[in-house]
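J.: Residue numbers (the working numbering), protein chains in the order written: chain A, 15 to 543; chain B, 968 to 1219.
Don't read these hints as lab results, they were simulated from the structure. For glycine and all other residues, C-beta sits at the position ideal for the given N, C-alpha and C. Please note: incorrect hints may appear among the correct ones.
Stated by the list, open to error - Below 20 angstroms or equal to it, Euclidean Cα-Cα: the simulated DMTMM-like pairs (lysine to aspartate or glutamate) are:
| no. | chain 1 | residue 1 | chain 2 | residue 2 |
| --- | --- | --- | --- | --- |
| 1 | A | LYS184 | A | ASP111 |
| 2 | A | LYS77 | B | GLU1214 |
| 3 | A | LYS44 | B | GLU1214 |
Stated by the list, open to error - In silico contact screen, one side only, chain B against chain A (beta carbon under 8 angstroms); selected entries:
| no. | residue |
| --- | --- |
| 4 | LEU1038 |
| 5 | LEU1103 |
| 6 | GLY1106 |
| 7 | ALA1169 |
Take a look at the letters that make up each chain.
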Amino acid sequence: MELTPETPLTPETPPTPETSAPPTTFGRSKRFAFTVNVALMVVISLAIVIGVNWLGTRPQLWKRFDVSTAQVYTLGDKTRGVIENLASDVEAYVFIDLSVPIVRQRPSLYSRSADHVRSILGEYAALSRGRIEVFEWESLDPTRQFQLASEIGGFERPNVVLFRSGEQMKLVDVPQVAITEEEGERSDGRVREPRIVGWRTEDLFTSALVEVTESGSKIAFTIGHAEASIRPQQSSFNLVAEWSAALRRDGYQVAELNLIETGAVPGDVDAVVVAMPGNAFSATEISALRQHVESGGRLLWLDSSVVEGGGQAPVPPPELLGPFGLAVSNRVVIQQPPETAINQLGAEAYLLLALELENHPITRPLLRYRVGAAGYFVRPIELTTPLPNGVTISTLLRSHSDAWLRPLRTDLTPEEIRFDQVTDVARRHDVGLAMEFAAAGPRPGRIVLLNGSLAIQALNGSANKNLFVNSLNWLAEREHLIGIDPKDYEERSVMLEFDRIETLQHVALIYLPLGLVVIGLFVWWRRRN
Amino acid sequence: MSNWFTLTRREVGAFFYSVIAYVVFIVFALLTGYDFTSQIAFARQYQSELAAHAIPLTLFGGGLPFLLMTLLAPMITMRLLAEERKTGTLETLMTAPVTDLEVVLAKFCAGFVVYFALWVPSLVLLLLISQWPGELELGPIFSGLLGMLLIGAVFISAGLFASSLTSNQIVAAIIGMVINFALFLVPVYSVSARLLAGSETAQTILGHMNMQEHLQDFSRGLIDSASVIYYLSLTGFFLFLTVRSLEARKWS
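Chain A extracted, bound-state conformation (with noise of 0.2 angstroms):
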């Protein structure tokens, strides 16, 4: 007789004279004690697995390392805050279909992007708990999603990923998700594919998230004062048209606000940024500036002491700054750069800062991934003490402690930059502050000033525009979205030759197998002798 779980056991030996023996009463009630301990033990040993993985599943003791080197599924910091802080719950739509006409032209792309998608959702699930919920067409409930899916035309625009919560929905491509290097060749009569070099998937995700769960507060920046533009390709001077492109992924609206024409900051404007003017405000724009702050607006004044074309821009409004306790100087901050920088660059080594972040919520991402900011001909900024009542000031950037002074020029030469021992001081100067205030309004105002140029192509540092960006969600009060960018992530390949894969598929399906045969007579061989 064969055991079963179900049976109980019996010998196969020979059997004894005491097992053929009728058992006795007592022998069957221990047999039976035992089947009862045996039952009790596998129940409570299955309830032990049960309750080991139901811990191993709680937030706080479960834990996903990603050991890929790029760190690709590693979640940054910013779409962390984003998901733990989603207003409502979201559902994320997966239509991939392979095998429409478009596909077959870049088969590879997409379904590498779909894989790609695929992992990168599965990421924002598992760290939602819930929050996100992903589905595909075999996921869908036939009786609820599968309908919804039906009505916003998912199954039409095949290839897409569709968020969505309550009203709101935002589409993304799915091959948007890949960055290619380039455009494919023709050999052979086939059409080569473009290359993946990396992928922006976090990127697009986190903003269609933010997009879909919060309501964007309104970003307006000033014109009319040779300021850095908002339009796209409007200048190859500043990246402030590229920078506004990542606030709005942040899901601000952002506009253009002429102070000339309205008179004021209009009532629906959260913050103002004045990004690197050239021209001076008049004095109604600056009354316009001062009565949205102090009753609780927001502003940003990014200072560039350069302007577009050569030239030098004016210092920051004292009527404006001068009431909280700020001044700007129409000096240069200058430091010592290293030998190499000055042989590259002669004097404008000496007005390139490195500049040291000082810890705030808006710097604090920074510090931590060790990102350093730059500078380029950058003011210092004075603060009057003591502060005038009520007003906190917190420093964002300095200089390094060996920089010192001078008159703001253009054509400063490397003599007089050269640092005097006898009429120079070297010390730390603040460059970028962050200001709160006691305002008129129910919230308090707040004011940040960045100093140096940081928007300039030139020093073109996604420090810079971090700071900028993270700058815009503490005034509008949205620290969850402060952080850095989700990084592009690079990707690494393998080059596909054609004689090495024959040599591979040799080895798998000829030599490999082959080995074991031999191995295997050899072992029948000394078995039989």
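Please arrange chain B on chain A, whose structure you already have, making use of the hints.
T.: Chain B in isolation, oriented as in the chain A frame:
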């Protein structure tokens, strides 16, 4: 400890001395090798390079290796206890100065070593690819291998339990395959739970038990503590059942 080691060594030696071992090895090497190389050759038709992360995913995370494991793991374990029972050596072993736990752990380790050896040809292929121009992702390769070993531990322990239930090796293999196949089909139950019963809780629980999905995560370079706990607890559970099953003989 020395008892355990001696028993393990004996079992591993016995396995490699049987011709069936080489049949299992050849079948596994041929099928996984064909699956892996044909996917790489297919990719070459459309692109001149392959994403490094796709390599462990193809090698470890595919459906075929997983299916093969469900079927071949019981073939490794089928003789471990069933043969001892059939030849009557189990009684001798049980009366030797070793505990039931030592016997079970030694048999399990032997099965696990053989299971690991199954993957050696695949590692040779990876070694060859590492010589190709470009860069491999070592992290996902190691995590993929870890996933394979963890899943293997579950399948080997389930097979060992099956082997403890009968003296017939074929029956033991079939019972092992049924258990493993039941675990293999979890994704199907998961979708069914959602579509037929409309139960999201059931789907969540079954989703947690979806080994194939875990394996794909491992192969991508993601090590999930919940998955590791799941595999280890399941392995422990089957080993516990095996010890109980052996103990039952003493009372029968």
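J.: Next step is simple, just say for each hint if it's right about the structure.
T.: So, going through the hints one by one against the coordinates:
1. A/LYS184 to A/ASP111: holds (19 angstroms)
2. A/LYS77 to B/GLU1214: violated (37 angstroms)
3. A/LYS44 to B/GLU1214: holds (14 angstroms)
4. LEU1038: Violated, because the Cβ-Cβ distance from B/LEU1038 to chain A comes to roughly 18 angstroms (cut-off 8 angstroms).
5. LEU1103: Interface hint status for B/LEU1103: holds (6 angstroms vs cutoff 8 angstroms).
6. GLY1106: holds (3 angstroms)
7. ALA1169: violated (13 angstroms)
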